[in-house]
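A.B. asks: Given next are the chains, with one letter for each unit.
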Amino acid sequence: MSEVRKPRDPVTGHIKALAKGFKYLIEPNRMTLDYPAETMKLPPNYRGFFTVDDVKCIGCSMCEMVCPPEAITMVPRIVGSGGKTLPAESAPQDQKAAKRTKRPVVNWGKCIFCYFCVDVCPVDAFRPTGVHDVAFYTDREYRPTYEEYLNPPEDPYKSSKKVVSKADKKRGVSYEPAP
Amino acid sequence: MMELIPLIIWLIQDLLYIVVFPGLVTILVLAIVIIWLERKIAAKVQMRFGPLWVSKRIGGALQSVADLLRFSFQEFIVPEKSDRWAFIVAPGLMFAFSMISLIFIPVGPYYSYLFPSYYTILFSVGMIIITPIFAILVGWSSDNKFSFIGALREAFLLISYEVPFLLSVASMIVLYRTFNYVDAVAYQFRGLPGLVLNPLAALTLLIVMIRTTGRFPFDITEADSELVMGLFTEYSALFFGIGMATPYVELYAFSLIFSLLFLGGWWPAPLYAHGPIMGLIIPGIVVVVKAFIVMALLVFLRAVYPRYRLDQAIRSGWSYVLLLSVLSVLLSFGEVMLLR
Amino acid sequence: MSEKVYNLEEAATLSPSGEKYIVLQIGPSHPGSGHMRLVVWLDGDIIVKVDPDIGFVHRTSEWLSERREWIKAVPIVERIMLPDTIHANLSYVLAVEKLLGIEPPPRAQYLRSLAAEINRITSHLYGIGIFGIFLGSSTVYMWAFGDREPFLDLMEMLTGARITYSYIIPGGVRWDMPNGFKERAETVLQYMERRLKDYEDIWVKNPVVQARTINVGVMKREDAISLGVVGPNLRASGVYYDTRKHKPYAAYKDLDFEVPVMKNGDAYDRLLIRVEEIKQSIRMIRQILKDIPEGKIIADNIYNQLNPVMKKVYEEKRRVMFPAYMIHLRPPPGEATSMVEAGRGEIFFYIKSTGDKYPYRFRWVTPSFRNLPFFTHVAVGHRLADLPAIYGSIDYFPPEADR
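Protein chains in written order, with this note's numbering: chain A, 41 to 219; chain P, 99 to 438; chain L, 81 to 483.
One chain only, chain A, in its complex shape (with noise of 0.2 Å):
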């Protein structure tokens, strides 16, 4: 590996170093975003946020046992017609034909993406939704209720120019407009 241990000589070196910085200067390389005016349209398996089919979901919990953060809690719910479900406290107290069942809801503060939970689903319930960039702004808006949670956050960038990123030989990755 001695020959890659070559030192320039320092004449050489110094305009070397000046040229191909100017030679980037009068032909730049932007690799940014004009960020949030034009945002990323996120790939179908981006790990973004995602919500629940009410369902198709069977309240199993096997979601809330793998989550590594424990993020996931599971709330208390009714089946309903078509087999939607009502909150747990709309059911008559004596109907114990009521059936009971459990849905989750992920504390977006805590949960890291790692889609454990969508992974260990036997039936598939979970679905990612091509969003990421959300700010919250209380703490609140952290912890959804499970009504929140079936809408979960909107882009907030939807007016923005949507672009898809593309590996590009020249310029490493460029952007194109979103189809």
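Because the hints were derived from the structure by calculation, they are not lab data. Think of the CB as a built atom: it goes at the ideal place given N, C-alpha and C, for glycine as much as any other residue. Certain hints may be false.
[Claimed, not checked] Derived DEER-like restraints, expressed as beta-carbon distance ranges:
1. E110/A - K277/L: 46 to 52 Å
2. A394/P - E110/A: 55 to 61 Å
3. P116/A - H138/L: 37 to 43 Å
4. P177/P - E338/L: 54 to 60 Å
5. E338/L - I231/P: 39 to 45 Å
[Stated by the list, open to error] Stretch by stretch, here's where chain A covers chain L in the computed footprint (C-beta under 8 Å, at least three residues):
6. 222 to 230
7. 388 to 399
Following the hints, complete the assembly by docking chains P and L onto the known chain A.
C.D. replies: Relative to chain A, chains P and L alone:
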């Protein structure tokens, strides 16, 4: 009454000299532009946008103004154990002396109204050399080890680069046989610019400029990975802003000196002309544009170089740069002998 | 280097309130310290003693992992070495697999090596960038972080995340290579090869960099061995040791690559060796993309436990879902160790199971921790300005050392 009118005109002209060329307004505008340009050049080379969101339409050019405003409204904290008065006064003096040097630098043939002296080169160089002394005071008064080390580095570098600086200017004095900028420019109008006549002196002055104004690769007193912010570690608010702006004022003064001594001054504008337009504004613009190009060249170095170590900088100051400056003096003597 | 030599015995007797020396507290909030404090004794400009004060970002990864199910340690170990997550993940999973006695299928092995090599490139670029900003070159800092981007995009394509992949699980990997991955990877590799020439001009062969790094922070071969330095820093000192060659894991048995070794052991060699390793990683990624075998990406005994829905997902999307077995991993009683060559050096894992649902003992040694002697032994006698050069050249990552 009628006798007073020329006096009033002179007064207005002098005021114009101070305020516009090369004075306060120009330096303010240029400092803002050059800081923006420095960040933009670095951003271009570094594959990013640079300042953008303040005034997006003109590429974030007002970012420096926004920073200045922010500095103005920040709280100024004086550390308890600092040498209070020195801490407050030193940055101001540093700034003031770098500005005073501008008074002696003419940007047109009629500048000598304000300071009618035959020794403008000496005065301007002297004022620039005083500035780092207050930098040392800044570092000393902060009662911070990082500032203190920064001040020591400044002192070491000051000593090792002052001699080459003076020698390179002296070589041009020898060559032009004058202590006056206007005559020096007139000499270049008669023949070649100083850059061609004595490239060694030009190179030396360039290196000294980089060193004195703390451009890369001699960004040694402010080396942030070692000394946080160097001299200005303890400063906040407008005083920090002053500390940040002073090198740019110095850079401007040096660039003016460089363009007057080596780039032919206000050539291609006429050497002597009358009236405020041809006699002041046009030559002024030419000189400022030349100085601006030199400044832009020097701020571009940030995008290419890391910084040298203190001992390497001192060693090169006492060896290569000193040798270059001595050679430049000899070259000047040789040329003078030949031309005679 | 100064002429005056300071010995370590003398340095050990210095107290923090020494009057002869300036004592600098570099860090924990200092642009050149990272998440740690370096207490530096200075004699003028010469460093007499450096006392690295680590532990500011100690995150109890071992404690946390001993109180959770086995699978839950995967994200925890990742968060310790953020620029280098795959290797932490891989080394933990290798140890668990030894306990469980599972052997992942060949395709999964190749995918593990692929992810590891992409991650090694990003990790080395991270190190080069930090070295750049420590010496004052913001350009190299921005370039290196910008050039991580195409590789992070590749990993995003493969795993769906940019930094914390959680890609490797006991028995295999979680996602197969998606369509179009090979073409994209090839483009990115060609881009990187071209960029390495730019790095050479502006950084590696820049005269200022050479002046700052050549013969600075020399770690001699014998010292490197006796102090237990690992990874590229060890190889820069002339020791031919690489876990990928000497104790191959994943697909490294089948890959043809060289281990760059340097002689001098100074900061410049440590810089060069990272550039050379990026070249070798590029070479390995090409081989993997060419030679990757077809087949399952998860071991059979885990695949067989998938329910029909999961099997359907696996066939359609090539995504491995977890059987319930994954939550309730209970490795048989025993001990296992694993070694993995991460970007900064060798990770060592020791895991003891008592057959319980939690690990009984979870112990790991991260490369940055083992590169710590550079501060105490190598920096002494250099100038203050050499401290960032040494710090940057060893690619030290405080959260990784603190665990």
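A.B. asks: Does the beta carbon distance between P177/P and E338/L stay inside 54 to 60 Å, or does it fall outside?
C.D. replies: With Cβ atoms ~55 Å apart, the hint holds.
A.B. asks: Is the gap between the beta carbons of E110/A and K277/L within 46 to 52 Å?
C.D. replies: holds (49 Å)
A.B. asks: Residue count check for the segment 222 to 230 of chain L against chain A: does it reach three with CB-CB under 8 Å?
C.D. replies: Contact hint for the segment 222 to 230 of chain L vs chain A: holds, 4 residues under 8 Å.
A.B. asks: Taking 8 Å as the C-beta cutoff, is the stated coverage of the segment 388 to 399 of chain L by chain A satisfied by three or more residues?
C.D. replies: holds (count 4)
A.B. asks: Does the Cβ pair P116/A, H138/L satisfy 37 to 43 Å?
C.D. replies: Roughly 39 Å apart at Cβ, these two residues keep to the hinted range, so it holds.
A.B. asks: Please test the hint of 39 to 45 Å on the beta carbon pair from E338/L and I231/P.
C.D. replies: violated (57 Å)
A.B. asks: State, for the Cβ atoms of A394/P and E110/A, whether the hinted interval 55 to 61 Å holds or is violated.
C.D. replies: Once the Cβ atoms are compared, 57 Å apart, the range 55 to 61 Å for E110/A and A394/P holds.
In summary, the structure is inconsistent with hint 5 from the numbered list given earlier, while agreeing with all the others.
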